[in-house]
Amino acid sequence: MEAQIAKYLEAKLPAASVTITNLLRIPGGASRETWMFDAMWENEGGEQSQSLVLRKDPPASLLDTDRELEYAFYSTFWATKVTVPRMRWLEQDASVLGGPFFIMDRIVGCEVNTRLPQTPAYQPLQPVMAKNLYDILGEIATHDWTSGPVAKLLEPPSPEESWQRELGHWEAIIDAEELSPQPVTRAAIRWLRANPPPPAQRISVVHGDFRVGNFLYQPDASIHGVLDWEMAHLGDPIEDLAYSFNESWWWARDGRPGGIVDRETAIRLWEEASGLKADPAAVHWWELFNSVKLQGIWLKSARVFQDGQSSELIHLLCAYGLINSQDQAMLHTMGRAT
Amino acid sequence: MRPNLSRALQGVGMTLVSKLLAEIRTPFGQQEAGLAAQLSFWAAEESERAADRLVIETRATRELLREGLLLSGRARPAVEAALAAPPAPNLRISSLQAENDAVRKGLVELQAGIEDNPSPAARAFNERIWAELVESTKRRAFAARL
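Just so you know, the sequences run in chain order A and B.
Heads up: the first sequence begins at 1 in the working numbering, then just goes up one per residue.
Heads up: the second sequence begins at 1 in the working numbering, then just goes up one per residue.
Looking at chain A on its own, in the form it has when it is part of the complex:
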């Protein structure tokens, strides 16, 4: 793979010779393969080097999302308060590396793991991390996307229909991918259709996977890169807020979003940062929706493993470990279990 990446970069930089070192697959990530490496080359300015990250579509992914769109969302927020890695190249030709991919700068010296913020030593910094996190989410919610690259690729929903678009999208995935009937998920979908949320206050960029675990941070709890934009879309900004509350991200198992902040504080921080209101009915609707959405992802992971499209253990883990947990989360949200 080093030789293929070097050849690709030689054409893109351009440079007569590029050397790739320290190529390592980054753990995590069930929807894209993520690799980090260092590239070195020479040009008229002398020796150059850059730490880079490559995100590549695997043979079977949990998300059939468009990497051009993901690239556009990253690019949208480059050099804004929503820190993201700088995008370098997007390659749609699968013959180069065996799947479409893009390459971005690597942000070095940061952590991404979810365990460190739960350690006793880190607890005093949890409020700082929470404020930074929901400040960023407020920035995403109020960002003017209308003149950026996303506007050229996406038709925005109306405030009244954003929920229908998202629910329809994920219900179709569940219809296509479930290996066994899902009574709890189906009951949740019926409830969501029968009890629509209030219209969106505005149509915003929705990150779609905004949670502790999807950003780079330093030991002082400052956030230096929001990652994993593959589910980003335009819609109701409450969707992202509610997503961060999902039980799947209760890393401390104590009911606190991300294991770092209680939910009331998170809502207050988000409202202060965005100037928007978190209507409780809307938050509740989007919380349940996000469990349905996540169930769609876990069911897809079960499907690709069962069908032999993937033998990635992360897909099996999602299937065995998370489908039932998501059912339990839905039951809790619907007030059916404690």
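Source of the hints: derived by calculation from the structure; they are not laboratory data.
Because the structure is a prediction, the values reported are computed rather than measured.
We put the CB at the ideal spot given by N, CA and C, even for glycine.
If we take Cβ atoms under 8 Å as the criterion, some of the chain B residues that face chain A in the derived model are:
#1 Thr-26
#2 Leu-35
#3 Val-108
#4 Ala-112
Counterexamples of contact, computed for chain B against chain A with all Cβ distances above 10 Å:
#5 Asn-4
#6 Ala-60
#7 Pro-89
#8 Leu-91
#9 Ile-93
#10 Asn-117
#11 Arg-123
#12 Arg-128
Model the placement of chain B on the given structure of chain A, informed by the hints.
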């Protein structure tokens, strides 16, 4: 087979955690070994309980379908198909799972129909369906947690 499959898979998981994980140098390799260990522990639990879990759940669901069909008020093809189908022809997990899938498909249809029925009897019956769904998630939960 002895040691039984549950114990064998526990042993595989323990070996991965206690002997192999520390030998692996890359973060991705460590993640994969950790996942393999976790999955071995879950597979150990499931290998022991799967048949029992499926039989209990299928029986409970079949009972709900029988009673609920009378309340649902109109044709419920998935419910009727599940009730008309013969029981699993053997004790293979795949056969028990297929029977379970059929009755759970019927349950989805039945509950959707019951929700449209405002009568107190239907509402009370819906609570019984919810109780079974809560129980089903407890049956499927693993003791060995992520």
